[in-house]
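First to last, the protein sequences are chains D and X. Counting in my numbering, the first sequence runs from 1 upward without gaps. Counting in my numbering, the second sequence runs from 1 upward without gaps.
Derived from the structure by calculation, the hints contain no laboratory data. Every residue, glycine too, gets a C-beta built ideally from N, C-alpha and C. Check each hint, because a few of them may be wrong.
[To be verified] In silico negatives: residues of chain D with every beta carbon more than 10 Å from chain X:
hint, residue
1, G16
2, T17
3, L26
4, G61
5, L76
[Unchecked claim] Here are some chain X residues the structure puts well away from chain D; computed CB gaps all over 12 Å:
hint, residue
6, V27
7, S28
8, N32
9, S58
10, R61
11, T63
12, T65
13, D67
14, D69
15, Q72
16, S74
17, A79
18, Q81
19, S85
[To be verified] Here are the computed lysine-lysine pairs in the DSSO-like style, where the Cα-Cα straight-line distance is at most 27 Å:
hint, chain 1, residue 1, chain 2, residue 2
20, X, K100, D, K41
21, D, K20, D, K42
22, X, K1, X, K71
23, D, K20, D, K41
24, X, K71, X, K57
25, X, K1, D, K41
26, X, K100, D, K66
27, D, K14, D, K42
28, X, K71, D, K41
29, D, K41, D, K14
30, D, K55, X, K100
31, D, K64, D, K42
32, X, K100, X, K57
33, D, K14, D, K66
34, X, K100, D, K64
35, D, K41, X, K17
36, D, K55, D, K66
37, D, K41, D, K66
38, D, K64, D, K41
39, D, K20, D, K64
40, D, K66, D, K20
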Amino acid sequence: GAVVSQHPSRVICKSGTSVKIECRSLDFQATTMFWYRQFPKKSLMLMATSNEGSKATYEQGVEKDKFLINHASLTLSTLTVTSAHPEDSSFYICSARDPGTSLHEQFFGPGTRLTVL
Amino acid sequence: KNQVEQSPQSLIILEGKNCTLQCNYTVSPFSNLRWYKQDTGRGPVSLTIMTFSENTKSNGRYTATLDADTKQSSLHITASQLSDSASYICVVRRNTGFQKLVFGTGTRLLVSP
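Let's have the full structure, built from the sequences with the hints guiding it.
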């Protein structure tokens, strides 16, 4: 299957700082990427849908000014957690939709563990 | 309401044994159903994808079934291995313009030696 990478795999930061997470589709072009967050023992929760060249669409309850998403190319989307606080500590996972597959399959990245002190 | 429910929440089996995980959904309109395996601290990895017309699909020791009439799916794992210990997530894709995925809460499987 297609490969999606995330960087960094884990990050620890101080409260009030901003953290950028990168999501890359390595062997296909993804016009649409998705950002999820996952709390321990819970399922993935969609935060936003990122479309290349346009503004991201945020789910209800997700602050767009806090979670900045940029999808500047067909292989890269970034999520920036601005002024991070301890409650933002979570596992962030991106996925990318491969339009080349018959079912527009989504491939998930390995996730980024964010810990805000 | 679009929901995906999985059972059991957690399961412990001995290495070498078989097990079956259940998924019931109320998602509409239905596009396809996916089973993912998620290791702790990792992203989900696709096991199977089934459309409305497919009743069963296998991927090695994993066999998924789909009954679109009763809106039920199962994932059967044969001859379990220690590496099968993970969360298994049932995900249904809605056939709408936005085509969102609806996630189940997962079944946490522990294969014991």
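**Request:** Take the C-alpha atoms of K100 of chain X and K64 of chain D, compute the straight-line distance between them, and say whether it is at most 27 Å.
**Result:** holds (19 Å)
**Message:** Checking a non-interface call: every C-beta of chain X should be farther than 10 Å from the C-beta of G61 of chain D. Is that right?
**Reply:** For G61 of chain D, whose nearest Cβ neighbour in chain X is about 15 Å away, the distance exceeds 10 Å, so it holds.
**Item:** Whether Q81 of chain X stays farther than 12 Å from all C-beta atoms of chain D, as the label says
**Value:** With a cut-off of 12 Å, Q81 of chain X remains clear of chain D, as the shortest Cβ separation is near 21 Å.
**Given hint K57 of chain X paired with K71 of chain X - CA-CA distance at most 27 Å** = Roughly 16 Å between the alpha carbons, so the hint for K71 of chain X and K57 of chain X holds.
**Message:** Checking one constraint from the list: CA of K41 of chain D to CA of K66 of chain D, max 27 Å. Satisfied?
**Reply:** Satisfied, since the Cα-Cα distance of roughly 24 Å is no more than 27 Å.
**Asked** Has the given pair, K64 of chain D with K41 of chain D, been kept, meaning a C-alpha gap of at most 27 Å?
**Response** Roughly 25 Å separates the two Cα atoms, so the pair holds.
**Item:** Whether R61 of chain X stays farther than 12 Å from all C-beta atoms of chain D, as the label says
**Value:** holds (18 Å)
**Asked** Quick one, are K41 of chain D and K17 of chain X close enough, alpha carbons at most 27 Å?
**Response** Given pair K41 of chain D, K17 of chain X holds - Cα atoms ~24 Å apart, limit 27 Å.
**Message:** For a C-alpha distance cap of 27 Å, please report whether K64 of chain D and K42 of chain D respect it.
**Reply:** holds (23 Å)
**Given as non-interface: S85 of chain X, partner chain D, CB spacing beyond 12 Å** = S85 of chain X clear of chain D: closest Cβ-Cβ about 15 Å, beyond 12 Å.
**Prompt:** Under the criterion that the straight-line Cα-Cα distance not exceed 27 Å, is the pair K1 of chain X, K71 of chain X satisfied?
**Reply:** With Cα atoms ~14 Å apart, K1 of chain X and K71 of chain X stay inside 27 Å; holds.
**Item:** Least C-beta distance between D69 of chain X and chain D, which was stated to exceed 12 Å
**Value:** holds (21 Å)
Hint 8 alone, counting from the list given before, is not met by this structure.
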